[in-house]
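First to last, the sequence lines map onto chains A, B and C. Per numbering that gives the first Met the number 0: the first sequence = residues 0 to 286. Per numbering that gives the first Met the number 0: the second sequence = residues 0 to 310. Per numbering that gives the first Met the number 0: the third sequence = residues 0 to 426.
Just so you know, these hints were derived from the structure itself, not from any lab. Bear in mind the structure is a predicted one, so any value in this text is a computation, not a measurement. Fair warning: there could be bad hints in the mix.
Chain C is faced by these chain B residues, among others (derived, beta-carbon under 8 Å) [stated by the list, open to error]:
| id | residue |
| --- | --- |
| 1 | Ser77 |
| 2 | Lys253 |
| 3 | Gly255 |
| 4 | Ala257 |
| 5 | Asn258 |
Taking CB as the label site, the calculated pair distances span [what the hints assert, rightly or not]:
| id | chain 1 | residue 1 | chain 2 | residue 2 | range |
| --- | --- | --- | --- | --- | --- |
| 6 | A | Gly188 | B | Asn298 | 55 to 65 Å |
| 7 | B | Trp305 | A | Ala118 | 17 to 27 Å |
| 8 | B | Lys212 | A | Asp185 | 35 to 45 Å |
| 9 | A | Pro57 | B | Ile45 | 47 to 57 Å |
Glycine residues also receive a C-beta, built at the ideal position from the N, C-alpha and C atoms.
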Amino acid sequence: MTTDESYLERVGNSRRKRFTKHLLLCLVSIVMLYPLLWLVSSSLKPSGIVFKDLSLWPAEWDFSNYTEGWTALQFPFDLYLVNSVVIVVLSIIGNLLSCSLAAYAFARLNFRGRKLFFALTLGTMMLPGHVLLVPQYIVFAKLGWLNTYFPLIVPNFLATSAFYIFLMVQFIRSLPKELDEAARIDGAGTFRIFWSVILPLCKPAFATTAIFTFISTWNEFFSPLLYLTEQELYTVPLAVRQFIDSEGQSQWGQMFAMSFVSLAPVIGFFIAGQKYLVKGIATTGLK
Amino acid sequence: MTLTSVKDPAVSEAPVSPPKAAKPPQDRSGYLFILPWFIGMAFTIIPFFASLYLAFTDYNLLNVPNWIGLENFAEMFSDDTWWQSVKVTFIYTFVSVPLSLAAALGVAMLLNRGVRGLPVYRAIFYLPSLLGGSVALVLLWRYIFGLNGIVNAFLGFFGIDKISWTSDPDHALTTLIILHIWTFGSPMVIFLAGLKQIPSMYYEAAAIDGANKWQQFRKITLPLLSPIIFFNLIQSLISSFQTFTQGFIFSGGKGGPANSTMFYNLYLYKQGFEQFHMGYASAMAWMLLIIIAAFTGLNFLLAKRWVHYDN
Amino acid sequence: MLRTAGLTGLGLAVAACGRGFGGGGSEAASGKIELNMVWWGDAFRAQKTQAALDLFMKANPGITVNTEYQDSGPYKDKLATRFAAGNPPDLMMMRMDSLREYADRKSLLNLNDHTGIVDTTNLSQAAASLTKVGDAVYGIPSGLNAIGYIVNKTIIDQYGVTIPDGATWTWQDLATFAKEITDKSGKKVYGTLVDPATLANLVVYVSQQGEDLFTADGKFGVSEATLTKWFQMFEDMRKEGGFPPAGFVETIGSSPDQSYIAKGSIASQIIPSNGFLGYNKVSGGNLVLLGIPGEATAKRRGTNIGTPALWSIAAASKHPKEALQLLDFLINDVEANKAMGTTRGVPASTVVADAIKPTLEKDDQVATDYLIGLQKQTLVAVPPYPKGASGIQDELTAVAPEVEHGRLTPAEAAKKVIEAATKALSQ
Chain A
0 MTTDESYLER VGNSRRKRFT KHLLLCLVSI VMLYPLLWLV SSSLKPSGIV FKDLSLWPAE
60 WDFSNYTEGW TALQFPFDLY LVNSVVIVVL SIIGNLLSCS LAAYAFARLN FRGRKLFFAL
120 TLGTMMLPGH VLLVPQYIVF AKLGWLNTYF PLIVPNFLAT SAFYIFLMVQ FIRSLPKELD
180 EAARIDGAGT FRIFWSVILP LCKPAFATTA IFTFISTWNE FFSPLLYLTE QELYTVPLAV
240 RQFIDSEGQS QWGQMFAMSF VSLAPVIGFF IAGQKYLVKG IATTGLK
Chain B
0 MTLTSVKDPA VSEAPVSPPK AAKPPQDRSG YLFILPWFIG MAFTIIPFFA SLYLAFTDYN
60 LLNVPNWIGL ENFAEMFSDD TWWQSVKVTF IYTFVSVPLS LAAALGVAML LNRGVRGLPV
120 YRAIFYLPSL LGGSVALVLL WRYIFGLNGI VNAFLGFFGI DKISWTSDPD HALTTLIILH
180 IWTFGSPMVI FLAGLKQIPS MYYEAAAIDG ANKWQQFRKI TLPLLSPIIF FNLIQSLISS
240 FQTFTQGFIF SGGKGGPANS TMFYNLYLYK QGFEQFHMGY ASAMAWMLLI IIAAFTGLNF
300 LLAKRWVHYD N
Chain C
0 MLRTAGLTGL GLAVAACGRG FGGGGSEAAS GKIELNMVWW GDAFRAQKTQ AALDLFMKAN
60 PGITVNTEYQ DSGPYKDKLA TRFAAGNPPD LMMMRMDSLR EYADRKSLLN LNDHTGIVDT
120 TNLSQAAASL TKVGDAVYGI PSGLNAIGYI VNKTIIDQYG VTIPDGATWT WQDLATFAKE
180 ITDKSGKKVY GTLVDPATLA NLVVYVSQQG EDLFTADGKF GVSEATLTKW FQMFEDMRKE
240 GGFPPAGFVE TIGSSPDQSY IAKGSIASQI IPSNGFLGYN KVSGGNLVLL GIPGEATAKR
300 RGTNIGTPAL WSIAAASKHP KEALQLLDFL INDVEANKAM GTTRGVPAST VVADAIKPTL
360 EKDDQVATDY LIGLQKQTLV AVPPYPKGAS GIQDELTAVA PEVEHGRLTP AEAAKKVIEA
420 ATKALSQ
C-alpha cells in the first residue's frame, strides 16, 4: 500500500516534471519559430499589403511571389543557388581539412613557435575586418582573382579561419591524452594518430564547423559583392538584395519568397548535420 | 617517434628531458601540419600589417598616405563619439555575453538529457541564428518591437505602457541586447557538441556514489566542459566587441537614435568608408585589437584556475 | 553524408563548367573596348538601364558596356574600395554628397578638360550649376528632383479639412492645417511628419531665412538662431498635436511602402519629387503634390533643384573617350531616356525631358511637370556639399531624437550641430 502510493506519487511527479519541461520548451519554441513563420506568411501575401496586413495567416494564399520571383532577375534563381552551393561546399571541405590539421598541431604537437603562432591566429580574429578590405582587395587583384570564386574559397583551404582552428583545438584538448599514448605505443605515427584516433572522435567539432561554415558562407554578402562582377557568378544573398532598393519600388513579396527559398538549404543542412553533433565519445565509446 | 617523446607531449615549451634539450621533439611534423596555415598567413598577415602602417597615416582611400605619427590615436581621446562607441560596445558586451552564454548552456543541458523530440527543439532553437543578417529580418524586428508590435501588445496584458523600443534612445540598446540573447543557438550548438564528449560512465559512477544533479553539474559537467565554455566565452567576447551587422541593420547604418547604438565597429566603418578617414579607422581598429587582446589575455590567465584540460 | 555532399558539390562545380574559376574572355581577345559602368538600384531599374545600354551598344559596335549594380547601401563601400585599390569603374553613379570627397582628391575626370564629346547645351541653368566645383565640372546629373509636399486627399476629405494653396502657404499654415487633421480625426491620423534631421529638408528652410547651408568658402553658413527655430517649430507642432508624439516614428526602413503615409497614420509629408509615383501607388492613389511651405512669404526661395546622383567618370579610366561618349548618350539620347524613364529623376536635358514626358505614367508626369515648372523659376542654387558634410548629417541625425525625447532643448541641439559642423568641415 505505502509502496504503491509512493510509486504512484513518483510517477505523477516525474510526469508533471516532464510536462512542465515540455511546456517550457514549447513556449520558447514559439518565440524562436516566430521569424520563420512570419517570413513564410509574408512571402504568401501580395507585395502591396505586406506592411498593412500584419496577421500571420494570409487572408488569401498567393504563390505568385515564388513563381515570379524565381525569374524576376537577370538569371533564374536556380543559377544563384548552384553558385552558392559550389562556394559553400568547397569552403566546408577546405575548412575541415586545413583547420583540423592546424588545430591538431596546436593542440597536441610540441614544436618551436607553437604558442606564438597560436597567438597570431587568435590575433587575426581581433582586428575589425573593415580595415583589411582594401589591402585584401589589392592582394587578390594582384593575383588576378577578381571576378572568380578564388578569393572566396582558397583562403578556407589555408586555415585562415581562426574561429574553427580555436574551436577544434579546444575539442582536441578535451580528449583524453591516453588515447594518443596508447596508439603511439601500438606504433602509430603522428599522422596515423591524427587520422584514425583524433578525427573520428572530433565528429561533433567537425559537424559544428561544417554547419557554421555553411551558414556564414551562405549568408555572406559583402565579400562576394566585392569580388564578383558578373551577374552569372552571383550568389544567393546578392540576388535577394536586388529585389529591393530604398529609391525603387521594392518587390517585397518576391524578396520574402526568395529569402525563404534561400533559407531552406541552410535549415535542411542543419537538420541533416545535427545528428553528427552528438556522435562523440558518449556514443563511440572509449576503445 | 621514440618512446621518450611520449612521456611529455603535453609539456608545451620548455624542453625538460636533457637529451631532447637541443631540439624539441616534434618540429618536423608540427610544421608539416600547419603548412597550409603558414601559406594562409601570407594572405592574412599582409593586410594585417598594412592596416597597422595605415593607422599612423592620414590615409583617405584616394591619395597616398602621409605619416602623421600618433595623431590618430590622440584624436580618439578627444572624440566624443568615439567614447560613446566604446561605452555602447562595453555595455552590450558585458550584459549580453554572460546572459546569452547562460541561456545557451542552460538550454543545452536541458536538451542533452533524453528529452523526447530533441532534434526538433534543437533545430527550432537554432533558427534565429540561421536567419543571420537577412534583409527580411529588419522588417520583422520593426513588426515585433514596433510601437504597436507584439512585444508592446504582450506587455499591455500586464498593464505596461507602450514603449518605443527602437526610437527611444533609452531603449534601443536594450532591444539589441534582447535580440542578441535570442540568437543563443550558436553557442548552444557548441555546448551540445561538448556535452556529448563527456563519457556517460562518469555520471553513472557519480549517481551510484549518491551525487545529486547539482553535485554532478559542479563536479563533472563544469570541469569537463570547461574547455568548451572557455571557447564560447572567448569567442563571444571577441565577436561582441566587434558587433557590426546587428547595429548596422537596426539603425540603417546610423547608430541611432542619438548614437545610442553606435557600436565601435559601426563608428569605425562610418569613419573609414563614409568620411574617408581610413587612417583614423585603422587606428581605431588597432585600438580595439589592443582592448580585445587585453581581455582575452586576462581570460587566458584566469583560465589556468578553472579550465580543466586532460593533461 | 559529408562525403556524398562533397561529391555532389564537385559535380556541381564541374557542371558549372569552370564558371567562377577564371578564364573569362579578355578585352584583347575580343578586340572590343570594354567599359565598366556601375550604379545603384534594384532589378527593375536594371532592366530599364540595360535597355538603354543595348541601344548604345547597337549604335557603337566597338564598345561593350559591362554593368554592375546593387542597392545603395553597400554600393558606396564597394566603390570606395575599388577606387582605393586603383581599380575604379569607368562610368559610375556618384552620390551628390560624396562628389567632393572624390573630386577634391583628383579621382574624377574634369569634364571641362574634355569638351566636345558631351553636349551640355540643353542642360538647364539649374542642372548645369549643380555639379560645379570651382571652375571644374565632375559629373552630370543623372536625373533632377526637388523636395515636394504630398497630402493624402482621401483622408483630408474624410475629415472635411481643406487643402491650403500649395504656392502661397506658410509654415504657420502647415501647423494649423496639421493640427486640424489631428483634432478632427481624434488622433487617429496625425497631420504631418517632416524629418528635422534630413539635410535636404533643412536646406530649404535655411535658404528661406536668407542663409546658405554652406558659404562660398566652404564653411557652415547656418546660424544658431535659425537651427533653434527649425527644431522649435516641430516641437511646437508636436505640442499642439499636428505632429505625432515622441517615439512614434521608428528608425527602421525608409521606402514608400513602409512610410506612415502609406499606412494611413499620417496625412501629409515631404518627399523627393521623383518618389511621387511610388508614394501614390502605396497610399491609395489620391495624393496631391504641393510646394514647400513658406516659399511665397520668405526672404528668398528655399526650394532648390537637386539631384539624387550624378554620372561621373573616373580620372583613372583607361577609355575616357568612350566613357564620355556613353555619358553623352545617357544625357542626350531621347530613345535611351524613354527606355530608362524617370527612375533616377527628371532628365537633366530640358529637350529630353519634354520629349519623354508623354511616354511617362501619369504620376511621373505630375512630378516631371513640377520639376519643369521649378526650372523656369528663379531659385537659389545649392553648390555640392564640401568634404566632411556627412559629419553634419550624422550630428543632425544624432541630436534630433534627443530633442524629440526632451533631453536637449532646441537651442542646445542647435549649438551641438554647429560645433560638430565646424569640426567636420575643418578636417
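Hint check:
no. : hint                            : in the structure
1   : Ser77                           : violated, 10 Å
2   : Lys253                          : holds, 5 Å
3   : Gly255                          : holds, 6 Å
4   : Ala257                          : holds, 4 Å
5   : Asn258                          : holds, 5 Å
6   : Gly188/A / Asn298/B: 55 to 65 Å : violated, 35 Å
7   : Trp305/B / Ala118/A: 17 to 27 Å : holds, 21 Å
8   : Lys212/B / Asp185/A: 35 to 45 Å : holds, 39 Å
9   : Pro57/A / Ile45/B: 47 to 57 Å   : holds, 52 Å
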